[in-house]
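Colleague: Given next are the chains, with one letter for each unit.
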Amino acid sequence: MISFFRKHKLLSAVAALIVVGALWYLFRPEKLFINQRVNEPAPFAAGRDAQPIYTGRLSGKLHDTSGRATVYRQRDGTLTLRLTDFHTSNGPDVHVVLATADDPALQNTAPGKALASVEVGGLKGNEGDQDYKLESKTDFTRYGTVVIYCERFHAVFGSATLQPF
Amino acid sequence: MNHLQRITSITVLALAATMTAAFAQSSTPVQTGVFHGQVHSTSGRASIYKGSDGKLTLRLTNFKTSNGPDVHVLLIAASDAQDNDNFLKNNVERVELGKLKGNEGDQNYDIPADTDLTKFHTVAIYCERFNANFGTAPLEKF
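Chains as they are written, first to last, in our numbering: chain A, 1 to 165; chain B, 166 to 307.
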C-alpha cells in the first residue's frame with residue numbers, strides 16, 4: 001500500500017486534495033468562527049404605526065389570568081402597554097404594575113408579601129383588550145414583568161415576563 | 166360639467182384611490198414565539214406578519230444561532246420540537262421557507278399564500294445536511 005503511494009506521488013496528492021476539499025465542503029468548519037449578519041427592515045409599511053418592542057404571555061398565580069401583554073412604541077416615543085385576549089378575575093383595587101422578575105412577592109402562593117412595583121394604572125376591566133400609558137423612561141431590563149396586582153390584599157393575580165419583540 | 170372637467174375629475178379620483186391603496190397597506194404581527202435550542206445555542210424571536218393584502222411573512226428578530234452548512238428555515242406541523250429531532254427521517258410535515266439568510270440579525274421570509282398556520286405553527290432552524298435541528302420557536306397568537 002505504502003509502495004503504491006510512493007510510486008504514484010502525484011496521483012496520491014491529487015486524491016488527498018479532493019478528499020480534503022470534499023470534507024471541507026461538507027462540514028464547512030470555518031463557519032464555526034464566521035458570523036453572517038443580516039439586518040432587514042420589518043415588512044413594508046409596518047414602520048408607520050406603533051411598533052411592538054416587548055411582549056409576553058400572562059399566566060395566573062392566585063387567580064386564572066390569561067392573555068398577552070405587549071409594549072408598543074409610537075413614532076413620537078410614547079410607550080403604551082396593551083393587554084390582548086385578556087382575562088382575569090374581578091376584584092377590589094386591582095392594578096396593572098411593573099415589577100422585577102426576581103421579586104419574591106411574585107412567588108406568593110397566598111396573599112401577603114407586598115410587591116416592589118412601579119404603578120401603571122388601575123385595571124380598567126377584567127376582560128378584553130385595553131391600553132395603559134407607560135412612562136417613556138421605563139427601564140424594561142429592570143422592570144420587565146407585568147403584574148396584575150390587588151393592592152388591598154397584596155395578591156398577585158397573574159404576571160407576564162416581557163421579552164424583546 | 167363639461168367633458169374635460171369630467172375626465173379630469175375621474176382621473177384625479179382614480180389617482181387618489183390608487184395612492185390610498187398603496188399607502189394604506191400595512192403589516193401586523195399575528196403570531197409570535199421565542200426560540201430555544203441548546204446544542205447550537207439559538208435565541209431570538211420569530212413572528213408571522215400578515216399584510217393588509219393577506220401576504221404572510223415570517224420575521225426573525227434579535228436572532229442568533231450558530232453558522233453552519235445548508236441551514237434552512239422551516240414551518241413544521243408540530244407544537245414543538247426537541248434539539249435532536251430529525252424532521253427528514255420522522256416525516257414531519259413541513260413548509261420550506263428558504264435557506265437561512267444569516268446566523269445573526271433581523272430577517273424576513275415569504276410564507277406561501279396557501280399555508281395553513283393552524284397546522285404549521287412552529288418555526289425550526291434546520292441543518293438539512295446533518296439532520297440537526299439548531300433551534301425551535303413554537304408560535305402563539307399575538
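Hints are computed from structural coordinates only; laboratory data are not their basis. Careful, some of the hints might be misleading.
What the hints assert, rightly or not - So the derived label-pair ranges between C-beta atoms look like this:
#, chain 1, residue 1, chain 2, residue 2, range
1, A, ASN35, B, ASP248, 19 to 25 Å
2, B, ASN256, A, ASN126, 42 to 48 Å
3, B, ASN296, A, GLN130, 43 to 49 Å
Stated by the list, open to error - Think about it this way: if two alpha-carbon atoms lie no more than 27 Å apart in a straight line, the pair counts; the simulated BS3-like pairs of lysine-lysine are:
#, chain 1, residue 1, chain 2, residue 2
4, B, LYS215, A, LYS31
5, A, LYS133, B, LYS306
6, A, LYS61, B, LYS306
7, B, LYS306, B, LYS264
8, A, LYS124, B, LYS306
9, B, LYS264, B, LYS254
10, B, LYS306, B, LYS266
11, B, LYS266, A, LYS31
12, A, LYS31, B, LYS264
13, A, LYS124, A, LYS113
14, B, LYS229, A, LYS31
15, A, LYS61, A, LYS133
16, B, LYS284, B, LYS266
17, B, LYS229, B, LYS215
18, B, LYS284, B, LYS264
19, B, LYS215, B, LYS254
20, B, LYS229, B, LYS264
21, B, LYS215, B, LYS264
Note that this is a predicted model, so its numbers are computed, not measured. Don't be surprised by glycine CBs; every beta carbon is placed ideally from N, CA and C.
Colleague: Check the following: the C-beta atoms of B:ASN256 and A:ASN126 are separated by a distance inside 42 to 48 Å.
Modeller: Cβ of B:ASN256 to Cβ of A:ASN126: about 45 Å, so the range 42 to 48 Å holds.
Colleague: B:LYS284 and B:LYS264 were given as a pair; does the straight-line alpha-carbon distance stay at or below 27 Å?
Modeller: holds (22 Å)
Colleague: Take the C-alpha atoms of B:LYS215 and A:LYS31, compute the straight-line distance between them, and say whether it is at most 27 Å.
Modeller: Given that 27 Å is the threshold and the Cα spacing comes to 33 Å, the pair is violated.
Colleague: Measure nothing beyond the straight line between the CA atoms of B:LYS229 and B:LYS264; if it is 27 Å or shorter, mark the hint as holding.
Modeller: Holds, at roughly 15 Å.
Colleague: Verify the CB-CB distance for B:ASN296 and A:GLN130 against the hinted window 43 to 49 Å.
Modeller: This hint holds: roughly 46 Å between Cβ atoms.
Colleague: Given the hint that B:LYS306 pairs with B:LYS264, does the C-alpha gap stay at or below 27 Å?
Modeller: Distance ~25 Å between B:LYS306 and B:LYS264 Cα, so the pair holds.
Colleague: Could you grab the alpha-carbon distance between B:LYS215 and B:LYS264 and see if it respects the 27 Å cut-off?
Modeller: holds (21 Å)
Colleague: Holds or violated: A:LYS124 with A:LYS113, Cα cutoff 27 Å?
Modeller: It holds: about 24 Å lies between the C-alpha atoms, which stays within 27 Å.
Colleague: Can you confirm whether the C-alpha distance between B:LYS229 and A:LYS31 stays at or below 27 Å?
Modeller: Measuring from Cα to Cα gives roughly 14 Å; hence the hint holds.
Colleague: Within 27 Å, alpha carbon to alpha carbon, are A:LYS133 and B:LYS306?
Modeller: It holds: about 23 Å lies between the C-alpha atoms, which stays within 27 Å.
Colleague: Given the hinted pair B:LYS264 and B:LYS254, is their Cα-Cα distance within 27 Å?
Modeller: holds (19 Å)
Colleague: Could you grab the alpha-carbon distance between B:LYS229 and B:LYS215 and see if it respects the 27 Å cut-off?
Modeller: Holds, at roughly 24 Å.
Figure legend: structure checked against the earlier numbered hints; hints not met, in rising order: 4 and 19.
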